[in-house]
Amino acid sequence: MINTVQPDEILGDASYLAHRYDEVGDAFRFLSVPRDVHRQCTFITDEHLPNVDQYKAIARSTLPDAFSDSVPVHFIFHSAYCCSTMLARAFDIEGVSMGLKEPVVLNDMIGWRRRGAKPGKQQHVIEQSLTLLSRPFGEDRAVIIKPSNICNPLAIEMLRLRPEAKALLLYAPIEGFLKSIAKKEMWGRIWVRDVLIGTLKDGYAIGGFSQDELLQLTDLQVAAIGWLSQHALFAKIIEEIGPDRVKTLDNDTFLARSPETITALSELYQLDLSDAQIEAVVQGPAFTSHSKLDQAKRGETFDAKAREEEQQRVAEIHGAEIDMVATWTKAVADSQGIRLNIGSKLL
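Following the numbering used here, the numbering of the sequence shown begins with 1 at its first residue and continues without gaps.
There may be inaccurate statements among the hints.
To be verified - Cross-link-like lysine-lysine pairs, in silico, DSSO-like; alpha carbons within 27 Å at most:
1) Lys118 with Lys345
2) Lys330 with Lys184
3) Lys184 with Lys121
4) Lys201 with Lys330
5) Lys305 with Lys183
6) Lys345 with Lys247
7) Lys247 with Lys236
8) Lys345 with Lys330
9) Lys305 with Lys236
10) Lys121 with Lys183
11) Lys201 with Lys118
12) Lys184 with Lys305
13) Lys247 with Lys330
14) Lys345 with Lys236
15) Lys201 with Lys236
If you are wondering where the hints come from, they were derived from the structure by calculation, not from laboratory data. Quick caveat: nothing in here was measured; it's all calculated off a predicted structure.
Work out the full structure, taking the sequences as your base and the hints as a guide.
Structure, rendered in structure tokens:
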């Protein structure tokens, strides 16, 4: 159902999420997504949101350039399967910040670019998208956006559009990443090939492989090519934006040093969290329940120990292949001058 409304009816209410951009109609589509719905959803995507057909459309030409109550936005960019959803959930802190988990309006920017969007117009639409996403819930003082990893090619542009924004680049070490893909079995192996297709379309897949050679790779080797491409892009983001604004973190360190991670991010994002608030975050549901189970199982305990046990089970089945591909990945990185240690560490 499409309801075209006047902007003033919903723009002052952050619970109306700027969900999609319609490039044909040149309009944004808004969905009613209260804070409690954000908490229930793994991602704020069509698959997880209720009533996605009941949107309200606002012509882009009627939107103001800024909102008086906008707050700073910061980012969590990630290379997938690295606990980024857990971290975004952790920044749902009423009166402080809201974590947005993979807003689809930013995915739309990637799809539009692949279809030939005019750069000047698209940059303006990205700017407006970030402005709409920066509307605060209640008394919140910041919005922390975790885009989908397909949006990583937009990271430099978004950070330039928001010169006060800071970003964390979160990733899994290659061995852990490969375990996560192997655990997903057929669906994980399909996903990594889809990711490779996307990186090729977006022009940031690493070189050195012909089309025939890419087709000859195993599924986990394809996963490794995607991981290396993301890693090389992360290094470029640091180089272009600077280590004062962009920090890196691997998920093993994040899980082992959760209180220190939240403390460091509070400083990076200028949230001024107290010791009590940090403890509440670390003891809260973001760190103690699985972020990607269905609703019936969402409350099940899932912490660093549970994740380690899960990865050990995968290693028992796929360990030999994972070890070989991890070694191969490092050899490819060396041959192409890709640094595995890209520096600017958060901790």
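Each hint, compared with the structure:
1. Lys118 with Lys345: violated, 36 Å
2. Lys330 with Lys184: holds, 23 Å
3. Lys184 with Lys121: violated, 39 Å
4. Lys201 with Lys330: Within the cut-off at roughly 24 Å; holds.
5. Lys305 with Lys183: Given pair lysine 305, lysine 183 holds - Cα atoms ~17 Å apart, limit 27 Å.
6. Lys345 with Lys247: Holds, at about 5 Å.
7. Lys247 with Lys236: holds, 12 Å
8. Lys345 with Lys330: holds, 20 Å
9. Lys305 with Lys236: At roughly 33 Å apart (the allowed maximum being 27 Å), lysine 236 and lysine 305 break the hint.
10. Lys121 with Lys183: violated, 41 Å
11. Lys201 with Lys118: Status holds; Cα separation ~16 Å.
12. Lys184 with Lys305: The given pair, whose Cα atoms are some 20 Å apart, holds under the 27 Å limit.
13. Lys247 with Lys330: holds, 22 Å
14. Lys345 with Lys236: holds, 15 Å
15. Lys201 with Lys236: holds, 18 Å
Violation of the numbered hints given earlier is confined to hints 1, 3, 9 and 10; the remaining hints are satisfied by the structure.
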